[in-house]
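For the protein sequence lines, the chains are X and R, in the order given. Each residue of the first sequence is one higher than the one before, counting from 1 in our numbering. Each residue of the second sequence is one higher than the one before, counting from 1 in our numbering.
Calculated directly from the structure, the hints in this document are not laboratory data. Accuracy of the hints is not assured; some may be wrong.
Which copy is meant is left open, because identical chains are indistinguishable; a pair holds if it fits in one copy or across any two.
[Stated by the list, open to error] Computed cross-link-like contacts, EDC-like style, restricted to lysine to aspartate or glutamate with a CA-CA straight-line distance of at most 16 Å:
id: 1; residue 1: Lys-292; residue 2: Glu-75
id: 2; residue 1: Lys-292; residue 2: Glu-190
id: 3; residue 1: Lys-127; residue 2: Asp-49
id: 4; residue 1: Lys-292; residue 2: Asp-192
id: 5; residue 1: Lys-127; residue 2: Asp-257
id: 6; residue 1: Lys-292; residue 2: Glu-262
id: 7; residue 1: Lys-242; residue 2: Asp-113
2 protein chains.
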Amino acid sequence: MRISQRSKEGCATFGLAVFAMAATAAETPAPTPAVPTTASILAATKPTDWRALDPENTLYLDLAAGRVVIELLPEFAPAHAANVKALVREGYYDGLSINRVQDNYVVQWGDADGEDETKRRAIRKAKPTVPAEFDRAIAADLPFTALIDGDLYAPEVGWTSGFAAGRDPKAARTWLAHCYGTLGSARGNEADSGGGTELFVVIGHAPRHLDRNITLFGRVVHGLPLLSSLPRGTGALGFYEKPEQRVPIRAMRVAADVPAAERLALEVLRTDTDAFRSLIEARRNRREEWFKYSAGHVELCNVPVPVRAVETPAR
Amino acid sequence: MRISQRSKEGCATFGLAVFAMAATAAETPAPTPAVPTTASILAATKPTDWRALDPENTLYLDLAAGRVVIELLPEFAPAHAANVKALVREGYYDGLSINRVQDNYVVQWGDADGEDETKRRAIRKAKPTVPAEFDRAIAADLPFTALIDGDLYAPEVGWTSGFAAGRDPKAARTWLAHCYGTLGSARGNEADSGGGTELFVVIGHAPRHLDRNITLFGRVVHGLPLLSSLPRGTGALGFYEKPEQRVPIRAMRVAADVPAAERLALEVLRTDTDAFRSLIEARRNRREEWFKYSAGHVELCNVPVPVRAVETPAR
C-alpha cells in the first residue's frame, strides 16, 4: 500500500493536476469512458473546443524568473484595457517593480515611488486615471455559460469568454469575479481613482467581496506561480519594507508587439462548448476512483478554465 | 490623489490586513465606532475573547526559514491527531522534507523515499495508518457558531473551536472544511490508507470538494507564508522533480515538549463570542470607506479566524 500511496493520493488533485499538465496533454483524443472525468473530457476535446489567445489582448509581464502571460477581456472594461495597453506601449511599467505580496490575497505592481511627486514615473500618452468600470450591461452578444449551483455573492454566476463572471438579471448588469489569477486595477477611495498604473493579481482564496468594487479586465493564463510563490511582504498590507525586496519588472509588452516567433502559443478551452459544460459537471460530481463522497455542487472559482500550449502559433 | 493612492487602496484589504497585523494590535480597547469594522471590532475585544493555544495540541514545523505553528483539533479526528503526535514524538518527520507544492492547492510533506521499501523511514511506535475520520457526530458539547449565509457544499456551515466546519443536521454529522491553511492527512485510494505520515496544508482557493474525503485535524496559525511562498513543484501534482529542490524539515515538535521559554505565545479569537459574531457581520457588510458595494453575504473561508501574539506565555 505504502508504495502506491503517493501516486494514488494524486487522484485527490486530479482536476487541478490536469490543468497544470494540459500544456503537454495528449494530441490524440482518447475514447470517452463511461464515467467522464476531467482528464477524459480534456483528452476528448476537439481542436475547435479551444481558441488561441488574441495577441492584441495578451500582455507579457517579464520578470527575471520568467514570463507571466495575461489575457485581457476588454469587453468588461474597455477604458481600462485600452489604458493599460497604452501604459505598456509607452514603457511605463518597464523597470518598475512588484511592491506588494500579501499572503492569501494579492500581488501588486507599479511605481514604488508613486507617492513621491518628485520621483514618480511620468505618464506620457496614457491617462493617469479612467472612470470605474465595475460592471457593464448584459448584452445578447456576450456569451454566458451559467453555473446551476448558484453563488453566495451574485444572483447568477457562470463564464463569459473564459472568465468567471457574476450577473444580476433584474438589473441587467454583469461583472467579472475575483477568482485566483484575476487581474485588476488598484484604486484609491474614490471609485474613479484607478486606471491601471497599479495592477494586482489574486493569489489566494477568491476575495469575492471585492466584486463590483474594483475594475477587473484580465486573468493570468501562464506563469502564475512566478507571482504566487514570491516572498510575502512583511509591511502593512503585504508591501515590501525594503526597496531591495521589490521584484523588478524587466518589461511589459503587448504580445502583438513581440515578434511572432517569440510569443508563447497558448490556447484556452472555450467556455461556450459542450466540452466545458461536461467539465463543470465532472467537477460538480467527482468520478475519479479516489473520491468517497461527491459534493454534487461546485463553486464558481473551483472550476479553473483550462489553458494549453500548442506547438506552433495558432495564428 | 496619487500620493494617497497606495494607502487608500489599502482599505480594500483591510480585513485581511488586520488579521496579519493582529499580532501587534492595540492592547487598549478603542471606543466602538458607530459603524463597526474588522479593525474596530478587534480593537474592542476583551482578553476573555481570546484563548491561548494548548501546548499539547500545538505542533511546530521547523524549517530553515522559520517556524510554522499548527493548532490541532483532536475532537474531529482523535486517532489521527494522536498518531501524528506519536509520529512527531518519535522524530519521524525530523530530517524528512516538503516534497510537493502545487500552486493554488496544497503543500505536502513526508518521506520522499516512502515508495521505496528499502529506503523508507521506519515507524517505531506510531501506526502507519489509522481508520478514516472524515466526519463525526454532532454533539451538544461541541460549540458551533453558524454562518447564516449558507454554503454550496454543506447543508450548514460555521465555526467550531476556531475551525471552519460543515454540518448536516439531518444526518447529525459534522466535519472540518478545507479553507486556506487547513491541515490534513493525505491518503491513497482506500479511505483508511492515511494516518499522518504524509501531511498537507491548503495554500490556494478552498478545495471544498475534498471535504468529507480526507481527514482534517488542524490549521496553520502562524508562519503560513513559509509554506505558501515555496517554489512550486514542476512535476505531476506539484511534486519536486529533483531531490535538491525538496525543503528539509529540521524538526517537528509538540509545543508541550519544547521549553516554555522557547514557545511562541499565540492567542486565537474565540469563535463562540459576540466579538467573533460581530466580525462575521463586518465581513458580510463591509463598512470601510473604500467599499462602494457591499455583498451582504460572506463565504465560510472568507472569514479568517484572527490570531495574535502575546507578550508572555498565557499559561
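For each hint, the structure was consulted:
For a Cα distance limit of 16 Å, the shortest separation of Lys-292 from Glu-75 qualifies neither inside one copy, at 41 Å, nor across copies, at 22 Å. For the identical chains of this complex, Lys-292 and Glu-190 are inter-copy neighbours only, at 9 Å across copies versus 49 Å inside a copy, given an alpha-carbon limit of 16 Å. Neither within a single protomer nor between protomers do Lys-127 and Asp-49 lie at most 16 Å apart by alpha-carbon distance, with minima of 37 Å and 49 Å respectively. For a Cα distance limit of 16 Å, the shortest separation of Lys-292 from Asp-192 across copies, 11 Å, qualifies, whereas the shortest one inside one copy, 49 Å, does not.
When the C-alpha separation of Lys-127 and Asp-257 is checked against a cutoff of 16 Å, the pair qualifies neither within a copy, at 20 Å, nor between copies, at 60 Å. With identical chains, the CA atoms of Lys-292 and Glu-262 are never at most 16 Å apart, being 46 Å at best within one copy and 42 Å at best between copies. In this assembly of identical chains, Lys-242 and Asp-113 lie within 16 Å of each other by CA distance solely inside one copy; the values are 13 Å within and 40 Å between copies.
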